[in-house]
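Below, each chain spelled out in residue letters.
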Amino acid sequence: GESVGLHLPTLSVQEGDNSIINCAYSNSASDYFIWYKQESGKGPQFIIDIRSNMDKRQGQRVTVLLNKTVKHLSLQIAATQPGDSAVYFCAESSGANNLFFGTGTRLTVIP
Amino acid sequence: SAVISQKPSRDICQRGTSLTIQCQVDSQVTMMFWYRQQPGQSLTLIATANQGSEATYESGFVIDKFPISRPNLTFSTLTVSNMSPEDSSIYLCSVELGTGGEQYFGPGTRLTVT
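Chain order of the listed sequences is X and W. Our numbering numbers the first residue of the first sequence as 1 and each following residue consecutively. Our numbering numbers the first residue of the second sequence as 1 and each following residue consecutively.
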């Protein structure tokens with residue numbers, strides 16, 4: 001099966017700084033990637049997705065970068081706010097509708 | 001997105017018993033999924049539940065342990081059978097909207113088996 005993992009299990013950033021959360025994947029056939037945010041006691045919340053025919057996609061305060069050469073995915077959060085504190089998961093799919101999740105990174109925003 | 005609800009939100013059960021978790025979505029969806037999230041860990045797909053067909057289980061999960069129903073396009077149930085403490089987890093349902101692959105999750109059911 002696919003292997004999706006994260007480089008850093010925890011990340012602490014000062015409020016207002018930018019955050020970068022990284023994710024590595026092993027399946028070169030993966031063609032769809034999603035970032036989720038999970039707050040305590042809640043289900044994962046869709047943040048942003050990207051397909052393999054793109055290398056960058058921007059949303060509101062978030063940017064996802066995809067480097068297929070090294071099978072690496074990152075989520076950038078601009079001007080990080082206390083409400084961004086959560087666990088962030090990357091997930092990937094190879095077209096079979098099944099999502100495989102990475103291990104997660106806990107982001108803590110320091111006021 | 002869609003509004004997805006799960007019942008119960010949490011439960012404490014005795015080993016050897018079974019619990020059925022319900023997932024309701026406010027729009028018709030073809031594909032629904034059930035995941036397990038063990039404490040402090042990531043999500044693992046249990047099975048894919050499409051209306052009108054048998055659920056498709058991932059490696060390590062079997063129908064006898066996790067029977068699934070999908071009677072219509074807005075509802076599904078997952079039963080955790082003959083529970084043991086190792087089944088203590090958060091169980092989440094998700095739905096795929098459109099054909100793009102985006103999955104949206106319910107709030108989860110926190111199960112504790114004693």
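Mixed in with the good hints, there may be bad ones.
As the list claims (entries may be wrong) - Partial selection, computed: residues in chain W whose CB lies under 7 Å from chain X: (1) 39; (2) 42; (3) 45; (4) 61; (5) 62.
These are calculated hints, taken from the structure and not from any lab test. Quick caveat, the model's predicted, so the values are computed rather than measured. For every residue, glycine included, the Cβ atom is placed at its ideal position computed from N, Cα and C.
Right, here's what the structure says about each hint:
1. Residue-level restraint check for residue 39 of chain W is violated (minimum Cβ-Cβ distance to chain X is 12 Å; threshold 7 Å).
2. Interface hint at residue 42 of chain W: satisfied, since its Cβ lies 5 Å from the closest Cβ of chain X, which is below the 7 Å cut-off.
3. Hint on residue 45 of chain W holds. Least Cβ distance to chain X is approximately 6 Å, under the 7 Å limit.
4. Nearest Cβ of chain X to the Cβ of residue 61 of chain W: about 12 Å, over the 7 Å cut. The hint is violated.
5. Violation of the interface hint for residue 62 of chain W is found here, the shortest Cβ-Cβ separation to chain X being roughly 17 Å, above the 7 Å cut-off.
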